[in-house]
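S.K.: One letter stands for each residue in the lines below.
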Amino acid sequence: MKFKRQIMFLCLIPFLNNCTWFSSGEKNSSGQNFFKAEDNKVVLHQARSADAKTLDPQAQFDSISGLFVRSLYDTLLDYHYLKRPYELIPVLLEEMPEISEDKKTLTFKLKKGIHFSDDPCFEGGKGRELVTDDVLYTIKRFADINVNAMSWFLLSDSVVGLDDMREKTKKILNLDYDKEQVKGLEKIDSYTFKIHLIEPNPLALYSLAASSLSIIPKEAVTKYGDDFSRHPVGTGAFYLKEYRKKQTMTFVKNENYFMHYPKDGELGDKENGFLDDAGKKLPLASEVQLDYIPESQPEMLKFKNGELAWVALDRDNFQQMAFFDKSGEIHLKEDLANDFKIYTEPGLVTSYIVFNMKDNIAQNKNLRKAIAHAIDFKKKIELLSNGRGLTLGTIVPLSIGGSEKDIGNYGIPFDLEKARDYMKKSGYGDKPLQLVMTIGGTTTMYQNLYEFLRDSLDKIGIDLKPDYKTWPSYLKSTQIGDFQMATAAWTADYPDPENFYQLLFSENTRGSAFKNDEYDKLYDEMRFMQNSPERFEIIKKMAQILQEEVPVIFDSTPLVSGLVQNWLTNFKRNIMVDYPFKYLSVSQKSEKTVAQK
Amino acid sequence: MFFYVIRRLLYMIPTLLGVAFLTFLLFTIFGEDPVRQALGLHASEEAIVALRAKWGLDQSFAKQFYDFLVQILTFDYGESFSTGEKLSDIFCGGVLVSLSLTAPPFVFGTLFNIVIALFISYFRGKSLDKISTFLFVVSMSISYLVYIIVLQYLLAYRFGWFPIQGFEPGFSSISYLMLPWFIIGLVSMGPDIRLFRTIFLDQVKSDYIRTARAKGASEPRVLFVHLLKNAMIPILTNTVIAIPFLITGAFVMERYFALPGIGDITITAINEGDFPIIKAMTVMSAVLYSCFNLLTDVLYALVDPRVKLS
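Those sequence lines, one after another, are chains H and B.
With numbering that gives the first Met the number 0, letter number 189 in the first sequence gets 188, and the count goes up by one each step, no holes.
With numbering that gives the first Met the number 0, letter number 177 in the second sequence gets 176, and the count goes up by one each step, no holes.
Honestly, the hints are just simulated from the structure, not real lab data.
Here the structure is a predicted model, which is why all the values come from computation and not from measurement.
Every residue gets a Cβ at the ideal spot worked out from N, C-alpha and C, and that includes glycine.
All clues given are correct.
Reference listing, derived: stretches of chain H covered by chain B, where coverage requires no fewer than 3 residues with Cβ under 8 Å from a Cβ of chain B: (1) 52-60; (2) 243-250.
Over 12 Å on every C-beta distance to chain H, these chain B residues come out as not near it, computed from the model: (3) Tyr-3; (4) Gln-63; (5) Gln-70; (6) Asp-75; (7) Leu-200; (8) Asp-201; (9) Pro-233; (10) Asn-237; (11) Tyr-288.
Chain H on its own, in the form it takes in the complex:
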């Protein structure tokens, strides 16, 4: 008893709502965090799911590294932020390059007065002006196999003499680029240079917009060596203030940045407020803080708390926060519309199923047609992606010129009767048939996909077995042709139909071994053309060949969707400009504004 009286039981601390002993940030009356502006400084917070592998532009080609590189460096060309379809604009150039009559020589004129950020690698620590030598140095470094293992395909077989230089770098480490004469890179003066192409190739301009061709100063590479991957020196809208791995990383405004907010856009941009900051000097934000958030739940919680500027919607969050109306449009749920806006944009990804044309069974054209008719991709999108996707009638996603919007639908429609007919014609109508689908992943998403395909093909008497592979195994299998059928997807390297039709060009098909002489001939004709009615006629013929031969079955393209804070201005989802920090700002009219931590 004495013991009982002596032992005091700790009482529960009374629950007090809005008790902020350990949290940071202020809350407004609705209980959400917001940031206050101080001295008109705008500080944006955004999430990143991983660390950059490297900040060396030529050594990276993953999306997270690209995010950093694009904010810290500039390329010669980039995509217009507002216009659709996506089009290239000059960034470090005075104007778009001049193309010679034979289309093999491009003449570039650099803008004058663009400076690298201040850094000890420069004399006196002051960033010097960007000149022709920097561009040529960057391109040569891009060709160095010891630096660039991932994105060389962007310029391979394009520039006269550059492939030879790359061959040399296989044998010589630390090649002195200044001593290497590359015939295709011609310096005219400090601001003018020419690039000579092996053959006419307007697609080379898209390559010059890739983050791995961001222009760097030689001094930084010389001074920092391997550490250059963690010590960026660029001309970009921001410079790196703080680099804390797996924590917050901070970009600070480059006060001497040379770009201005676009003065024009596409139809509707003015009404939607995207041109309110037309002509203003960039970047509009003073600081960008990128928080490391590897999981989606805390990311969404932070966004709902007002701590992040925008967030992508995954399958689970979409169901909680949005819905489709009767016409199929996506809307935000009513209680969220006061605080957030929703965006949707067709992705630049094509998902498809590919057949191995060397496989004895998959070679059967009628069988391939039967399978194509048996799969209801619209239903697949509804079941597996909450309806956030669009079926494809060609291999090109809808937001790229040369898609079915321009040439018509050449997909194979879902039709079980036709599927069964083709099964009979294939000779497998009465026989049990087992096929193996190689799947490039092992997560629940891929398991759901397999189950859907299995159930679809079961209706026409095909027993589909899965062959789940991790990503590296999948790559190897599909590249060496060790598969029967496989799921596949391709993300646009640049917004041109060539980037998708090249997948079926016989020199590129590798594992799937599809070869059609007529298709190859048409591909050669169209690959370097600009989009035009003539080009679309050629593409139409190619689409008809694919519809007839069915080496692939077109699946779908995703509808990329996400939420944006109402106080964030100028946010227009641009798949080619994935992290548009330099264009973003905060509404001055809103009660919710941005503060420095």
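Let chain H serve as the given structure and place chain B on it in line with the hints.
M.R.: Relative to chain H, chain B alone:
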């Protein structure tokens, strides 16, 4: 004792050699190709060959294993495939964060749970004992991930008592660690208290406890002086053996709260096929576990004079 320790250390060598060989074998023969993982869709044959040579993966099996053994002996596991950073730098930073996450709730949680277990075992068989047993069994049945997701949602987002996630170095980290500490402490209550209660109940029937009570010792003295001292032996062994897992981190916790510890580093390495990190983690975990296993045995002998190591 000295010779016992020496002998145990020598026994560790073939064990660790076996772990190293098995780890190496699994990753080299059965593991994924890290070169294709790194180069992705656009991998050309030349790039694959060049990167394989750069990472030393074109060497013979024996040479690669020899290099791996040298790395283990010199504690220099080379560089990350993903970032090129030295593994020693990566691990040093990560270990400190993981320890700051796991050590405080481990220490204070253990002490707290001992007190609670003593209290409950005093009321053995009564309603308090039965209700607490039920609650702890229920709490043990709930997945660790559920605790994280629900408490992060409620306490950080809904009530705003804690930051949702994040980390800052130094003392600023405390505000970010409070909620993970609370969760770890809460999750550990069930299994710890159940275990400690069993140990205490086992001791409470002993003759020396009856003797102590008969001599008029107060109940707190009986519990904290006589009972606890003898019950500490099994508690100590269970506690010390858990220490290596403090260093390796709380994987899921670090992911959800974005804490840059060893656990998060390991998960990232697994996702990216960063074999140097995964191999190093596997071997280091084996080394730590073996060392603390030995330490447990030695402590056991030191605490209980009846135990003689031979």
